Amino acid sequence: MPFNKKILSAAAVLATMTTFSHADDLNLFLSPSPSSTAIQSFIPAFEKATGHKVQVTEIPYGEMHQKLMLSVQLKQGQYDVAQFDNSFLTPFGAAGTMQPLDNRIAASKEYDISDFGKGQQDYGKHKGQTLGLTLSTEPFIQWYRTDIYDALGLKPATTWDEYKANAKAVKESGKGDGAIFGFGPNVSWWWMTMVWSFGGHLYDENYNPTVNSPEAIAGTQFLKDMLAYAPEGAISATSDDATIKFLSTDIGAMVQYSGYWGMLLDPANQKHLGKIGTAPMPKGAADVTHLAGWNIGIPTDAKNPDAAWQFLEFVLGKSNAKNYLNAGAAAIGRKSITGDPELVAKYSYLPVLDIPEGTRIERYPQIRVWPEFEKAALDTLAGIMNGSVDVKAGLDALNETEKPILAQENAK
Amino acid sequence: MSAPRGGPGSRSIESANARLAGILVLPAWFLIIPVFALPILGAFYLSFRNETLGAFVTARFIGFGNYLQALMDPRFWDSIWVTLILILLALIVQIPLGIGLAVLLHRNLAGTQFFRTVLIVPMLLTPVAVGLMWRFMFDADLGVINWALDRIYVHGPNWMGWRWPAIMAVTIVDSWQSIPFVMLITLAGLAGLPKGPREAAAIDGARASQIFFHVTLPSLLPVILVVAMIRIIDCLKMFDLIFILTGKGGPGTATQTLGMLTYNTGFIFFQISRAAALGVLMVILVAPIYVLWRRAAQYAR
Amino acid sequence: MRTGTRKLLANGLSYAGLLLASFIALFPVYWTVSTSIKQRDDTFVFPPKFISFQPTLKNYEAIFETRGFWQTCLNTVVITLASTLLCVFISTLAAYALARSPRFRGRGSLEVGLVLIRAVPAIVIMVPLFQIVSQLGLYDNRLMLIVMYAAVNLPFAVWLMMSFVEQIPIALEQSAAVDGAKRWQILVHVVLPLILPGMAATTIFVALLAWNEFLIPVMLAGNSAKTLPVFIAGFISTRNLDWGPMAAASALAIIPITILTVVAQRALVSGLSSGAIKG
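Chains as they are written, first to last, in the numbering used here: chain A, 1 to 412; chain B, 1 to 301; chain C, 1 to 279.
Next up, chain A with everything else stripped away, as it sits in the complex:
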C-alpha cells in the first residue's frame, strides 16, 4: 500500500473520531464496495477545492437500506449523499427516502446525461423521477477462460444452448469445471435472469405472480441443469464465492455482473490474469440484458443538498470519469468511457457495457415487496436446486406463496 494511502486512512480514522459535525459538513452514506473506495479517494481533492469537510459512514450491504430508510423517516438529516442498490429504488421511492434529481441533472453540463445510452438514462428512475445517479453499470456478462476455450477450440456462447455445450465440452475435457453460477443464497439473481431470458416474467402488470409459466419453468430447468457442469460447492456458493472460485480454480465460464471485474485488480485474484475474456450474456427466447449496479443520490432530509450535488458532480461528472474508473470503481456506462480505446486496452470488458438499443433492459423488479418476494423465491429455489423439489411443483407452489406477498403491493 503506497504511503499516501496510509496517510489517507490515518486521516480517515481521525475524521471518524470527531463526533461533532459542522454545518457545512457533508456526510456520505456508503457501503463497502469498489465504488465506495473510489468515491472516498476523491474526498481530499473535493475538500481542498470547496472547503467542505466530508465524513463517511460505511454500512455493510445487509443492513444499509433499512438503516438509511429509518434514518430518513425520522428526519435526522444524518446523511447528505447516500449510495443504494437499484433494487431498493421502489421501496425508497414509496417511502420518500431520496430527493428527485431531475432538475439538477437537466441543468448540469458537467454531469451530461446525454453521455449515457438511452436505456441507461432511466436507470435511477422511479415513477418518472430520477432518485439516484448511476454509480455503476453492471450488466450480467459472460466471463470465460480464453486459455481453456482456445485449447478446446470453443467460442464464447451466443445462446444458452451453446453455453451449455461449451460447459459440457470443458467438463469432459478434464481441463476443469464447465461453468458456474452462484447457485446459493444469491441464486435469485440468475434465476430471474433466466426467467426473463427464456421469455418469461416474474409477475404481470396487476401484480399477479407468473413464476410458473412455461417460460419460467424452462429457464429454471436450465439453471438447474447447469449445476451438473459446476464445481461441487457451487450449489451453496454466493455470488462472491462463485467469482472467487472462477478466479482461483479452473472453470470454463461464468455469467456474472461486470462490476466484479474490479476483483481482478486485487493481486490475490490475478491467478488467471490475461486469460479471462468477456462477452455479452448468451440469449434465450428473448434478448434481455439484466442490468444491475449501484445508485447514489441525496436523501430527502439532507441538511446540505446543494453541497451534496456539488460532490456528486465532482466525483461522477464527465471530467473525472476516467479518474473515477482508474480509482478502482466498477465502471459507469458512459459512452465516453466505454468507447475510449486507451481505457478499453486496460479494462477489456468495457465495450460490453455499451448495451445495444434493441435489447430489453431488465432491472431488479421494481416493487417494494421485492425483498420478501425474493426471499420466498430463494426458499423455493434452494429446494429445486438440491433436487428435493421438482421444478414445476416447486414453481407452482411458489406462485401461490407469492400471491399474498405481491398483493401487499396494491395496499394503501
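Since the hints were derived computationally from the structure, they do not count as laboratory data.
Since we're looking at a predicted model, the values are computed, not measured.
Where hints are given, some of them may not hold.
As the list claims (entries may be wrong) - Here chain C is said to cover these stretches of chain B; the calculated rule only asks that three of the stretch's residues, wherever they fall, bring their Cβ under 8 Å from a Cβ of chain C: (1) 84–94; (2) 122–135; (3) 238–251.
Stated by the list, open to error - Listed below are the simulated DSS-like cross-link pairs for lysine-lysine, each with C-alpha atoms no more than 30 Å apart in a straight line: (4) LYS175(A) to LYS49(C); (5) LYS271(A) to LYS118(A); (6) LYS49(C) to LYS171(A); (7) LYS275(A) to LYS224(A); (8) LYS195(B) to LYS7(C); (9) LYS49(C) to LYS275(A); (10) LYS75(A) to LYS53(A); (11) LYS168(A) to LYS127(A); (12) LYS175(A) to LYS346(A); (13) LYS335(A) to LYS125(A); (14) LYS392(A) to LYS403(A); (15) LYS303(A) to LYS53(A); (16) LYS58(C) to LYS346(A); (17) LYS49(C) to LYS271(A); (18) LYS271(A) to LYS58(C); (19) LYS335(A) to LYS109(A); (20) LYS155(A) to LYS53(A); (21) LYS224(A) to LYS403(A); (22) LYS125(A) to LYS392(A); (23) LYS58(C) to LYS275(A); (24) LYS155(A) to LYS335(A); (25) LYS127(A) to LYS303(A); (26) LYS164(A) to LYS392(A); (27) LYS346(A) to LYS322(A).
As the list claims (entries may be wrong) - Stretches of chain B that chain A covers, calculated by requiring three or more beta carbons in the stretch to come under 8 Å of a beta carbon on chain A: (28) 54–65; (29) 158–165.
All C-beta atoms in this analysis are idealised placements derived from N, C-alpha and C, irrespective of residue type, glycine included.
With chain A fixed as given, assemble chains B and C onto it according to the hints.
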C-alpha cells in the same frame, strides 16, 4: 437464601434493610426500564398495528391481524419446526457428551486442570468469529471437514446446500460451543454430591456403570434439568451463529429459526409490525420454559 | 491385579476421550490462526495445508490498513470496559440487596425483569429499540451502546454476584453492627473486601460477554461506534470476500479471549458454575 434473623430489634433492622435494598436496586431499574421494559411494551403496541419501515401504508390499528397472518403463514410454522429441531438436537447431543466429559474430568486424573482449561475455550469465543471459521471449514470444495471425512472414506455432504446437513452443521457448531457449558455445570454438580451413597453402593458390590446410572445420575437430575432449560432458552436466542454460518437461515428456509424469521420480517422485508407480532409470539413460547426453569433451579439449589 | 488392569484401561480410555475432545475444542482455533498467516494460494487449495506453508503477516497488514479498523478496536475496548464497570457496579448493589433482604418493595418485579432479560430473545425488542434510539438521536452512539451492553448482561452479573454475597457469613455484618458500625461502614469495610474477588470474576465474565456481543451493535451502531464482531461480520457482505484477512480479524477477536481463559480459568470455572444456573 440466608437472611438476618433473630436478635433484639431485628424487625427494625429488617425494615431499614428493606429501605436500603430499595435504594441499592434503583440503578438496576434505570437500566431495565429504558432498555427492556419500554421496548417490550413498544413491541406489543406495534404488533397490533400495520407499520412498515418505509411507511408504505397509512399506519393504523389492525387488531390481531398480524397474529392471524403469522399463524396462517407456512413460513412461521416452518421456523417453529426448525427451532424445535435445533433445540431437540442440541439437547440430544450436548447433554450426554457434556455429562460424559464432566465424568472424565471428575476422575481427577493428572492433568485434569489442563484439560478443563482447554475444553472451556470454545464456549468463550466470539460467536461471529466462530461461525465464520466453521463456515470456511464446512466449505464443500476447499473445507477441511470434508477433506477429513474423505480420509475415512466418507463422502462429506455439501453442508450449506441441503436442509439436513445445514441443520447438522448448526448443531455441530452450537454443540462445539455449548458442550463445555453443560460439562462445567455438571462438573460442579458432581463435586457437590455427597460421597456416601456412591461408596455404599460400591461396598455392596455394584459396578461402576451401575453406580453411575442408578446413583450418580439420578442425584444429578436437578442440575441436568437446569442445564437443559438454559440450553433451550439459549437455542431460542441463537442469532449470531445462524446469521453468519448459514447466511441468515439458509439454504432457503432450512435453518431459519423463529428469531431469524423475526429479523428477516422486520429488517429485510421492512414489515416491522409483523416482526413485532412474531416477537410477542416468541415471548409466549418462552414463557412455559421460563416457569420450568424456575422450578428446576429451585429444586437444584 | 485384575482391578489394576481395569483401572489402567479406564484411565487410558479417559485420557483418549479427553485428548480427542481437546483436539476438537482447539482445532478450529488453530485453523483460524493458521489460515490468518497463510498466503492466499495456501488457503485456497485442496487438500488443505496444515503445517507446511510459508507464513505471512500480509493478512494482518491488510486488516490494520482497513479503513476504520483502529477505530473499531478502540470502540470495542472502550465499550467493553465501560459497560463492564457499569454493569458490575450496578449488579453488585442489586445483588447485595437481593441476597440480604428477603422482602423489599419491587423485589418480585426486579426478579421477573432480570429473568425476562435473560430469557427473551433480544431480537424481540430490537425493532422498538431501534426506533427509540434513532428518535433520541442516539443511533451509532458509544454511550448508548455502553448502557445497552450493561443492561443485557445485568441478569448474569446479578446472579453471579448474589452467589458471592451469599457466601459471606451474615454474622460478620451483624457483629459489626453490634459494634456500632454504620450501614455504609459495614458495606465498605466489611462486605466490599470480601466480595472483591467475586467482583473480579464477574468483571471477567461480563467483559467476555460484552466483547462478543453482536446483535446490539449490528442493529444500533453504524460506523463510528462499530465493534469488532460487526467488523468481522462485515466481511461477508463485502464483495472482496477473502478468507485470509477474515481469519486474521477473527483471530484478533479470539486470541485475547483464549489467553484470558488460560490465565483466569479458575475464576471462570467457579463463576460459570455458580452464576449460570440461577433464575
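We went through each hint and held it up to the structure:
1. 84–94: violated (count 0)
2. 122–135: holds (count 11)
3. 238–251: holds (count 5)
4. LYS175(A) to LYS49(C): holds, 23 Å
5. LYS271(A) to LYS118(A): Not satisfied, since the Cα-Cα distance of roughly 37 Å exceeds 30 Å.
6. LYS49(C) to LYS171(A): holds, 26 Å
7. LYS275(A) to LYS224(A): holds, 27 Å
8. LYS195(B) to LYS7(C): holds, 20 Å
9. LYS49(C) to LYS275(A): holds, 27 Å
10. LYS75(A) to LYS53(A): holds, 22 Å
11. LYS168(A) to LYS127(A): Outside the cut-off at roughly 44 Å; violated.
12. LYS175(A) to LYS346(A): holds, 28 Å
13. LYS335(A) to LYS125(A): holds, 19 Å
14. LYS392(A) to LYS403(A): Holds, because 17 Å separates the two Cα atoms, which is no more than 30 Å.
15. LYS303(A) to LYS53(A): Satisfied, since the Cα-Cα distance of roughly 14 Å is no more than 30 Å.
16. LYS58(C) to LYS346(A): holds, 27 Å
17. LYS49(C) to LYS271(A): holds, 19 Å
18. LYS271(A) to LYS58(C): Given pair LYS271(A), LYS58(C) holds - Cα atoms ~18 Å apart, limit 30 Å.
19. LYS335(A) to LYS109(A): Roughly 15 Å separates the two Cα atoms, so the pair holds.
20. LYS155(A) to LYS53(A): violated, 51 Å
21. LYS224(A) to LYS403(A): Holds. LYS224(A) to LYS403(A) sits at ~24 Å (cutoff 30 Å).
22. LYS125(A) to LYS392(A): violated, 35 Å
23. LYS58(C) to LYS275(A): holds, 26 Å
24. LYS155(A) to LYS335(A): holds, 27 Å
25. LYS127(A) to LYS303(A): Given pair LYS127(A), LYS303(A) holds - Cα atoms ~25 Å apart, limit 30 Å.
26. LYS164(A) to LYS392(A): holds, 21 Å
27. LYS346(A) to LYS322(A): holds, 12 Å
28. 54–65: This one holds; 5 residues, not fewer than the three required, reach chain A with a Cβ under 8 Å.
29. 158–165: holds (count 6)
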